[in-house]
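Enquirer: Quick mapping for you: the protein sequence lines, in order, are chains U and P.
Note that my numbering has the first sequence beginning at 11, numbered continuously upward.
Note that my numbering has the second sequence beginning at 40, numbered continuously upward.
Mixed in with the good hints, there may be bad ones.
Claimed, not checked - The calculated lysine-lysine pairs, modelled on PhoX-like cross-linking and capped at a C-alpha distance of 20 Å, are:
1. P/Lys247 / P/Lys237
2. U/Lys225 / P/Lys206
3. P/Lys248 / U/Lys225
4. P/Lys206 / U/Lys42
5. P/Lys291 / P/Lys206
6. P/Lys237 / P/Lys248
7. P/Lys206 / U/Lys39
8. P/Lys293 / P/Lys69
What the hints assert, rightly or not - Simulated DEER-style distance windows between Cβ atoms:
9. U/Gln226 / P/Ser55: 26 to 32 Å
10. U/Phe36 / P/Ala99: 29 to 35 Å
11. U/Ala21 / P/Ile155: 31 to 37 Å
12. U/Ala199 / P/Gln209: 36 to 42 Å
13. U/Ala147 / P/Phe196: 42 to 48 Å
14. P/Lys291 / U/Thr44: 36 to 42 Å
15. P/Arg239 / U/Ala147: 28 to 34 Å
Treat the hints as calculated values from the structure; they're not laboratory data.
Cβ coordinates follow ideal geometry from the N, Cα and C atoms, glycine included.
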Amino acid sequence: MHIPDGYLGPATCGVLYAVMLPIWAFASKIVKKTLRSRQVPMLAIAAAFSFVIMMFNVPIPGGTTGHAVGAVLAAILLGPWAACIAVTVALVVQALLFGDGGITAIGANCFNMAFVEVFVGYYIYKIISGHSSVISARRVIAAGIAGYVAINIAAFSAAVLFGIQPLLHRAASGESLYCPYGLNVAIPAMLGEHMLIFGWVEAIVTAMVIKYLQKQDPNILETAEEVIE
Amino acid sequence: MKKNNFIERSISGAVSFLKESIFADEYASKNGFLQSLDPRIKTLTFLMFIMAILFTKSIAILLCLYAACLVLALFSKINIGFFLKRTWIFIPLFSLFIAIPALFSIFTPGQTILTINIIGAKLIITRQGLSSASLFVTRVVTSVSFAVLLNVTTRHFELLRVLRIFKVPQIFVMTLGMCYRYIYLFLEIVENTYLAIKSRVGSRLHYKKGQEIVAWNISSLWQRSYYLNEAVYNAMLSRGYSGEPVLLNDFKIKSKDWAWLFSITLFFVIIILGGKII
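Assemble the whole structure, with the sequences as input and the hints as a guide.
Expert: Take a look at the structure:
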């Protein structure tokens with residue numbers, strides 16, 4: 011899902027930076043207002059947590075492993091605006107310091123993972139869980155469904171960005187200048203792997219973490235609910 | 040029961056991450072050309088390089104930029120073997136792999152340059168396909184190389200502080216700096232936890248049990264993080280934190296930095312204007 015430099019043309023990168031700027035500005039304004047001063051380090055700790063979640067190898071059938079993004083989990087634990095900042099910070103650290111995800115594609119990666127995935131996941135979780143208690147099984151199911159759907163919508167968004175490159179940037183002689191595959195290839199390729207593998211990894215991780223927290227420390231989930239509201 | 044190596048992979052992932060950071064810091068403290076530049080000027084000029092790579096439509100310019108990147112790495116006393124390994128694995132190799140189908144007429148129709156017969160099936164490589172695939176891979180590897188060169192020749196803390204020149208709000212810069220420190224702490228916790236699990240259960244584990252272990256690890260990490268917040272806030276207060284972050288500014292720009300900035304800006308303008316003409 012981390013789009014590297016060179017896959018997207020300048021117009022797409024520029025537009026997505028422009029789209030993300032007001033979202034980041036609004037997110038920092040909301041978070042500054044809602045976060046108590048005691049919780050200032052929480053943002054940094056949550057960003058590091060988002061970064062480390064992406065490094066966990068989750069075993070899947072067949073002896074291989076996959077990675078989760080953890081954006082929906084961050085949204086459930088922190089609220090969507092704080093999660094947007096935390097995932098953004100994690101993505102910036104990955105791109106700037108570890109070359110994972112492009113510098114010119116930070117806007118696009120943040121749009122997919124820190125905005126689309128976070129907000130879609132959070133609202134699906136909220137709708138399904140309704141007013142149920144923080145320790146109810148309904149919340150575990152809601153977290154799993156939210157994780158699965160949100161990562162697939164984020165993957166679809168990334169696929170559309172890949173797929174429009176040949177339409178936007180093509181030399182006069184017919185060659186593609188950036189990602190060479192159109193929507194007819196990019197969408198099935200991205201959605202196929204996410205619907206079959208990564209979506210399930212995200213769903214299992216999100217649901218099981220909520221289940222464990224319900225069992226071990228429901229106080230954390232209750233406080234998260236209060237802070238978000 | 041299936042042999043599952045996710046514990047091993049997670050441990051080696053954490054260890055290689057920590058090793059890579061140590062290597063990066065080692066190179067950043069060498070007495071090379073890029074290390075001697077002001078981090079702000081260096082970051083600005085590297086962004087110009089990356090933008091030039093993004094904008095150019097010519098594979099010749101991309102190859103020249105890639106060669107320039109390797110020369111800069113040499114002048115900065117970076118081991119070329121390490122640099123090539125670090126830059127080619129994983130993104131450019133993956134890009135090379137996904138660019139292969141684009142060579143063929145099924146994905147990129149155009150002028151035929153080679154026809155291959157495989158068990159009766161005719162595969163046609165087109166000029167447009169070859170050109171698209173090579174442009175794509177060269178652009179990716181050149182961008183990745185510049186990004187890696189910037190982060191191995193600059194101390195990570197300096198690189199994060201540099202964001203201030205792009206008017207990034209201080210809350211973001213402070214969060215980035217603190218986040219960077221916590222990543223190491225968390226990775227150490229994860230590594231130690233997995234080592235403890237490995238020493239107790241070995242490597243043979245059903246994948247469902249493995250998923251439970253990962254979920255338990257993530258939730259336990261969140262619990263620790265959550266309670267760490269209070270201790271960190273108290274530590275911040277005891278060091279004089281009053282609600283607004285204050286960041287040190289000890290960067291100094293020398294005449295060499297201005298000369299470097301001027302030449303790269305000129306080069307960038309030529310590439311951008313030239314791109315419209317070529």
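Enquirer: Against the range 29 to 35 Å, how does the distance between the Cβ atoms of phenylalanine 36 of chain U and alanine 99 of chain P compare: consistent or not?
Expert: This hint is violated: roughly 44 Å between Cβ atoms.
Enquirer: Can the restraint linking lysine 293 of chain P and lysine 69 of chain P be considered satisfied, given a maximum Cα separation of 20 Å?
Expert: 19 Å, holds
Enquirer: Does lysine 247 of chain P pair with lysine 237 of chain P here, judged by a C-alpha cut-off of 20 Å?
Expert: Within the cut-off at roughly 16 Å; holds.
Enquirer: When you check the alpha-carbon spacing of lysine 225 of chain U and lysine 206 of chain P, does it fall within 20 Å?
Expert: 44 Å, violated
Enquirer: Below or equal to 20 Å on CA atoms is what counts here, so check lysine 237 of chain P against lysine 248 of chain P.
Expert: Holds - the C-alpha atoms of lysine 248 of chain P and lysine 237 of chain P are around 13 Å apart, at most 20 Å.
Enquirer: Kindly confirm whether 36 to 42 Å is satisfied by the beta carbon distance between lysine 291 of chain P and threonine 44 of chain U.
Expert: Once the Cβ atoms are compared, 39 Å apart, the range 36 to 42 Å for threonine 44 of chain U and lysine 291 of chain P holds.
Enquirer: Using the beta carbons of alanine 21 of chain U and isoleucine 155 of chain P, state whether their distance is inside 31 to 37 Å or not.
Expert: Check passed, 35 Å falls within 31 to 37 Å.
Enquirer: Verify the proposed pairing of lysine 248 of chain P with lysine 225 of chain U, using a straight-line Cα cut of 20 Å.
Expert: 17 Å, holds
Enquirer: Taking only the CA atoms, is the gap from lysine 206 of chain P to lysine 39 of chain U under or equal to 20 Å?
Expert: Holds. Lysine 206 of chain P to lysine 39 of chain U sits at ~16 Å (cutoff 20 Å).
Enquirer: Could you see if the CB distance from alanine 199 of chain U to glutamine 209 of chain P stays within 36 to 42 Å?
Expert: 41 Å, holds
Enquirer: Assess, step by step, whether the Cα of lysine 206 of chain P is no farther than 20 Å from the Cα of lysine 42 of chain U, and give holds or violated.
Expert: 18 Å, holds
Enquirer: Given the hinted pair lysine 291 of chain P and lysine 206 of chain P, is their Cα-Cα distance within 20 Å?
Expert: 18 Å, holds
Going down the numbered hints, you'll see the structure goes against 2, 10, while the others check out.
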